[in-house]
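**Q** Single-letter residue listing:
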Amino acid sequence: MSYQVNEKGCYGSFGGAYIPEMLFPNVEELRENYLKIISSDKFQTEFQDLLRNYAGRPTPLYFAKRLSERYKTNIFLKREDLLHTGAHKINNTLGQILIAKHLGKTRIIAETGAGQHGVATATVCALKGLECIVYMGEVDIERQAPNVARMKMLGAKVVPAKSGSKTLKDATNEAIRDWINNPVDTHYIIGSVVGPHPYPDMVARFQSVISKEIKEQLKKNPDYVIACVGGGSNAAGAFYNFLDDEKVKLIAVEAAGKGINSGHSAATMVLGKPGIIHGSKTMLMQTDDGQIIEPYSISAGLDYPGVGPIHANLFKTGRSKFVSATDDEALQAAYLLAKLEGIIPALESAHALAHLEKLNAKENETVVVNLSGRGDKDMAIYIKNMNNPSPTLPNGANTRHGARRQGKGEN
Amino acid sequence: MLSIYFTAGFPNLEDTNIILEELVQSGADMIEIGIPFSDPLADGPVIQHSNEVALKNGMTLKLLFEQLEKSKVKSQKSKVPMILMGYLNPVLQFGVENFCKRASEVGISGVILPDLPMDEYLSDYKPIFQKYNLSTIFLITPHTSEKRIRMIDDNSDGFIYMVSSSSTTGCPSPRCSDWGKPTLPDGANTRHGARRQGKGAETLKYFSRIKNMNLKNPLMIGFGISDRQSFSTACQYAHGAIIGSAFIKHLENGGEAGKFVSQIR
Chain D
7 MSYQVNEKGC YGSFGGAYIP EMLFPNVEEL RENYLKIISS DKFQTEFQDL LRNYAGRPTP
67 LYFAKRLSER YKTNIFLKRE DLLHTGAHKI NNTLGQILIA KHLGKTRIIA ETGAGQHGVA
127 TATVCALKGL ECIVYMGEVD IERQAPNVAR MKMLGAKVVP AKSGSKTLKD ATNEAIRDWI
187 NNPVDTHYII GSVVGPHPYP DMVARFQSVI SKEIKEQLKK NPDYVIACVG GGSNAAGAFY
247 NFLDDEKVKL IAVEAAGKGI NSGHSAATMV LGKPGIIHGS KTMLMQTDDG QIIEPYSISA
307 GLDYPGVGPI HANLFKTGRS KFVSATDDEA LQAAYLLAKL EGIIPALESA HALAHLEKLN
367 AKENETVVVN LSGRGDKDMA IYIKNMNNPS PTLPNGANTR HGARRQGKGE N
Chain F
-10 MLSIYFTAGF PNLEDTNIIL EELVQSGADM IEIGIPFSDP LADGPVIQHS NEVALKNGMT
50 LKLLFEQLEK SKVKSQKSKV PMILMGYLNP VLQFGVENFC KRASEVGISG VILPDLPMDE
110 YLSDYKPIFQ KYNLSTIFLI TPHTSEKRIR MIDDNSDGFI YMVSSSSTTG CPSPRCSDWG
170 KPTLPDGANT RHGARRQGKG AETLKYFSRI KNMNLKNPLM IGFGISDRQS FSTACQYAHG
230 AIIGSAFIKH LENGGEAGKF VSQIR
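Protein chains in written order, with our numbering: chain D, 7 to 417; chain F, -10 to 254.
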């Protein structure tokens, strides 16, 4: 079975391009050209050089000794957090900015949730001297302030999305509306494996470098690859080169928010059913009447009611196992990684780490967790929750050590 | 032909039939009823807001059909065609066949689903729409290629929805609002004015280009039509025009539906 996109832009029964006519020429232009551009020597030479010398690839595959001891298995962290701008998002924005240049576009728009994709887009726009407008939900602007400041310093204009839940979904709507209003000179750099074909395939290809490197660095296939999923770009990248090796167990972790059935969740595979969002058919959280349900997660990057169509198909075919982690479980996993390994992960990546608690991998097995981003942007949330430890938190958050930390946090 | 768009369930849940009847009485030639959607991608702020309010009021597709069933306008199907306009997802969840059946039962003549891909319509849905005698209406824009316009014309029945400029509904940027106004006198050619005029001229060129293609389907111009002036300009190039956002604003300000129609005519 192939898990890749077919000639119609579909992954099984998901994908496609459900777009109003106003977007048809833009999307068609991209569809007709992206594979040609990506496969050209000129593109590859520049892209590979930028990945290596600008973004900082290859990223290390780090054997997390103390974490491995704790879970009695062999855990490797794919350190996408060490990339320039602090997350895997730069892999995709570097690729897309080169495509935009090739197509003669002069104006770049993007949507962002946690701000990581916005920062990565603002960065490549500065690098290539293109105008940059980033749409971001009003709520996210507030909870990810450091990234907003970064984008502005990099010369981008950050436009608040004020409709709906004022988060990632609404930022995406506004970016699409901008593209409708500026069809000639503008390229829309979508940050995840979502949107109309060819975006999911194009973004997955740019992110596939993650699993390519894991394969090379490990010199064998892992038993498990674990990644968090909002739209699903880091997971698509981490899974990509293992999709046909059915022995590699692929685990995608969604944000359960305050609990799957709490009414405050973003666990699309559990709560959703097939529908259309942002130009593609996929699993979607929606009412019986087909209205999109506002998602919730403590992590702005996972706060999305849909998921990339590639993942909807992996879910439907059973190729990937989809699980979820709550806000509390993610926070705990982040505190644990900080304490045991000296790494503060992004809240998004913390959801992937949280699954280690439930994995029960064997002693001789190899587990790769894709550490998609770093946690600097989430410090305000981490500090707030250190001061208010939840009674449900496991893992010794209330030890003497934890208590001392709390005290410091209050200063 | 004057076609008026309004969002079902806005400003109040029970307004759908009141507005319908007023529009028919005041002489609207065609009526587009918007099915509210939580994420209307192709719409500007005015229609977005009306969708939000309608959903908050409790409007659903099921309820809309129930309301239309009671409408007095229903019996006048041949006189004033009613078109449903909405996004694909609510229709898919309702079930395409079920949707077509119900639409036909309540006197709907045609459907506009801007995010329904033409190839999927042809491969999966065309026979269903035809079975229930529903026209399907597709959009064209200034950037739609001639080849694609011909293809849309070949596969359409009813009319072609000619989007006046590359924009969301309601004309959010000033540059697309002036094509219907008379050319400014020489003295008024400020830098700003000149730019606007340029855009207006471009729009009229696009209207002429499409008019001269002699398509088999009638053309209706929509997006950015807001007043008597822009309506009458559009009518010089097409069989009629569609007004949406301006009418929604009128309703929002407490205006009567019928009064709006008489202002345009």
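Rather than coming from a laboratory, the hints here were simulated on the basis of the structure. Ideal Cβ placement from N, Cα and C applies to all residues, glycine included. Watch out, some of these pointers could steer you wrong.
[Unchecked claim] Partial chain D-side listing against chain F, Cβ under 8 Å, derived:
| # | residue |
| --- | --- |
| 1 | M7 |
| 2 | Q10 |
| 3 | F30 |
| 4 | G161 |
| 5 | V164 |
| 6 | P166 |
| 7 | S169 |
| 8 | D191 |
| 9 | G281 |
| 10 | Q292 |
| 11 | G296 |
| 12 | I298 |
| 13 | Y302 |
| 14 | A344 |
| 15 | I387 |
| 16 | K390 |
[Unchecked claim] Straight-line distance between alpha carbons at most 27 Å, and here's what the computed DSS-like set of lysine-lysine pairs gives:
| # | chain 1 | residue 1 | chain 2 | residue 2 |
| --- | --- | --- | --- | --- |
| 17 | D | K14 | F | K238 |
| 18 | D | K107 | D | K158 |
| 19 | F | K51 | D | K42 |
**Q** Taking the hints in turn, state whether each one holds.
**A** Cross-check of the supplied hints:
no.: 1; hint: M7; verdict: violated, 23 Å
no.: 2; hint: Q10; verdict: violated, 20 Å
no.: 3; hint: F30; verdict: holds, 7 Å
no.: 4; hint: G161; verdict: violated, 23 Å
no.: 5; hint: V164; verdict: violated, 19 Å
no.: 6; hint: P166; verdict: violated, 13 Å
no.: 7; hint: S169; verdict: holds, 6 Å
no.: 8; hint: D191; verdict: violated, 11 Å
no.: 9; hint: G281; verdict: holds, 5 Å
no.: 10; hint: Q292; verdict: holds, 7 Å
no.: 11; hint: G296; verdict: holds, 3 Å
no.: 12; hint: I298; verdict: holds, 5 Å
no.: 13; hint: Y302; verdict: violated, 15 Å
no.: 14; hint: A344; verdict: violated, 37 Å
no.: 15; hint: I387; verdict: violated, 27 Å
no.: 16; hint: K390; verdict: violated, 30 Å
no.: 17; hint: D:K14 / F:K238; verdict: violated, 41 Å
no.: 18; hint: D:K107 / D:K158; verdict: holds, 22 Å
no.: 19; hint: F:K51 / D:K42; verdict: violated, 46 Å
Violated hints, listed in ascending order, are 1, 2, 4, 5, 6, 8, 13, 14, 15, 16, 17, 19; each of the other numbered hints is respected by the structure.
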